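With the sequences and hints as input, model every part of the structure.
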Amino acid sequence: MRIAVLANDDLTSNLIFSSIFDIADVNVVAVFFSSSPSSRHTHPVLGALDLLRRMSARYWIYLVLTNGLFKLFDTITLFFKLSPSNQCLSSIRRLAQINKVPYTSVTSFSSPEFIKRMRALDLDLLLIRVGSLLSEELLSCPTHGTWCVHSSILPACRGIAGEFHALRLADTPVGTTIFSVTKKLDDGPTIATTQIERCNTASVFSHTLKNNIAGAGLLRKLLEEKKRNGSLPPPPKSALVSSYYSWPIRHQVNDARSKGLHLIFFTEAITLCAVAFRFIIKKRSDT
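At position 15 of the sequence shown the residue is numbered 14 (numbering that gives the first Met the number 0), and the sequence of numbers has no breaks.
If you are wondering where the hints come from, they were derived from the structure by calculation, not from laboratory data.
Treat the hints with care, as some may be off.
[Claimed, not checked] Heads up, simulated SDA-like pairs for lysine to any residue below, C-alpha to C-alpha not over 25 Å straight-line:
no.: 1; residue 1: K236; residue 2: R167
no.: 2; residue 1: K99; residue 2: R116
no.: 3; residue 1: K183; residue 2: P232
no.: 4; residue 1: K183; residue 2: N7
no.: 5; residue 1: K182; residue 2: R53
no.: 6; residue 1: K225; residue 2: D186
no.: 7; residue 1: K99; residue 2: I19
no.: 8; residue 1: K209; residue 2: V274
no.: 9; residue 1: K70; residue 2: R92
no.: 10; residue 1: K220; residue 2: V28
no.: 11; residue 1: K183; residue 2: L231
no.: 12; residue 1: K182; residue 2: P36
no.: 13; residue 1: K183; residue 2: L138
no.: 14; residue 1: K209; residue 2: C272
no.: 15; residue 1: K115; residue 2: F32
no.: 16; residue 1: K70; residue 2: K115
no.: 17; residue 1: K226; residue 2: G216
no.: 18; residue 1: K70; residue 2: H40
no.: 19; residue 1: K209; residue 2: N253
no.: 20; residue 1: K99; residue 2: F20
no.: 21; residue 1: K209; residue 2: R197
no.: 22; residue 1: K226; residue 2: A95
no.: 23; residue 1: K182; residue 2: K225
no.: 24; residue 1: K225; residue 2: P154
no.: 25; residue 1: K258; residue 2: C198
Source: prediction; values computed, not measured.
Structure (structure tokens):
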């Protein structure tokens, strides 16, 4: 099975897709990263500043902190050719380096040049976790379609920041959906879902890590099953009401905080910093 990955260049995408590099008979042939967190700018810094205008400043600082420490970890890992994973952090670039898989940043997934490059890869499956809509030309490249790993149980919390929005809504479960991608945003048929337990005393960051690890496990399980059987079991039926949310804005973050929900605890930030610098070295347990 020949697979390519389109991913945001962030902590969560690296954590999820790092699970697929050692599956027997599954060949990752290329990895492509979004060059910017915002589709309005191609430069990562300008993209990050653009997002500041569209979300709560506190949530933006939380993203800069967590993803900034991830990028520090990624840089150290690549420079010193270290192990690709350390606790909650994983580097797809280092895994690609070890497995001799080409990787690059892309400014536009819709450009004719990029689509031509994708067609030449002769893909069976495309895996994505990006914030931009993909063209029909790109979606038609892989023989068996395109799967997206989304951080909510669809159709609830379509859009962005699935864990945060699910946690601030008492009746919404926290989990991950893998679905077949169509032209419409987060609206393709569901392939499978996984749910994690909510904890009222845990942070958004803690839930996000647990959800991404569970999502990585689900993705690996589906790929192994598709490779083994050639097909997948019928998808689950969801009774959840459809909803869509964008980046968390001030009143949403304030409301969540008033209910006792923290984005990240100080001790978690310090631990993440230590893990990024590899002052703490420990293999992650996914059980």
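Hints, verified against the model:
1. K236 / R167: holds (24 Å)
2. K99 / R116: holds (18 Å)
3. K183 / P232: holds (24 Å)
4. K183 / N7: holds (19 Å)
5. K182 / R53: The given pair, whose Cα atoms are some 24 Å apart, holds under the 25 Å limit.
6. K225 / D186: holds (22 Å)
7. K99 / I19: holds (14 Å)
8. K209 / V274: holds (17 Å)
9. K70 / R92: holds (11 Å)
10. K220 / V28: holds (19 Å)
11. K183 / L231: The hint holds at about 23 Å.
12. K182 / P36: holds (20 Å)
13. K183 / L138: holds (12 Å)
14. K209 / C272: holds (18 Å)
15. K115 / F32: holds (17 Å)
16. K70 / K115: violated (30 Å)
17. K226 / G216: Given that 25 Å is the threshold and the Cα spacing comes to 15 Å, the pair holds.
18. K70 / H40: holds (19 Å)
19. K209 / N253: holds (24 Å)
20. K99 / F20: At roughly 11 Å apart (the allowed maximum being 25 Å), F20 and K99 satisfy the hint.
21. K209 / R197: The hint holds at about 10 Å.
22. K226 / A95: holds (21 Å)
23. K182 / K225: holds (23 Å)
24. K225 / P154: holds (24 Å)
25. K258 / C198: holds (13 Å)
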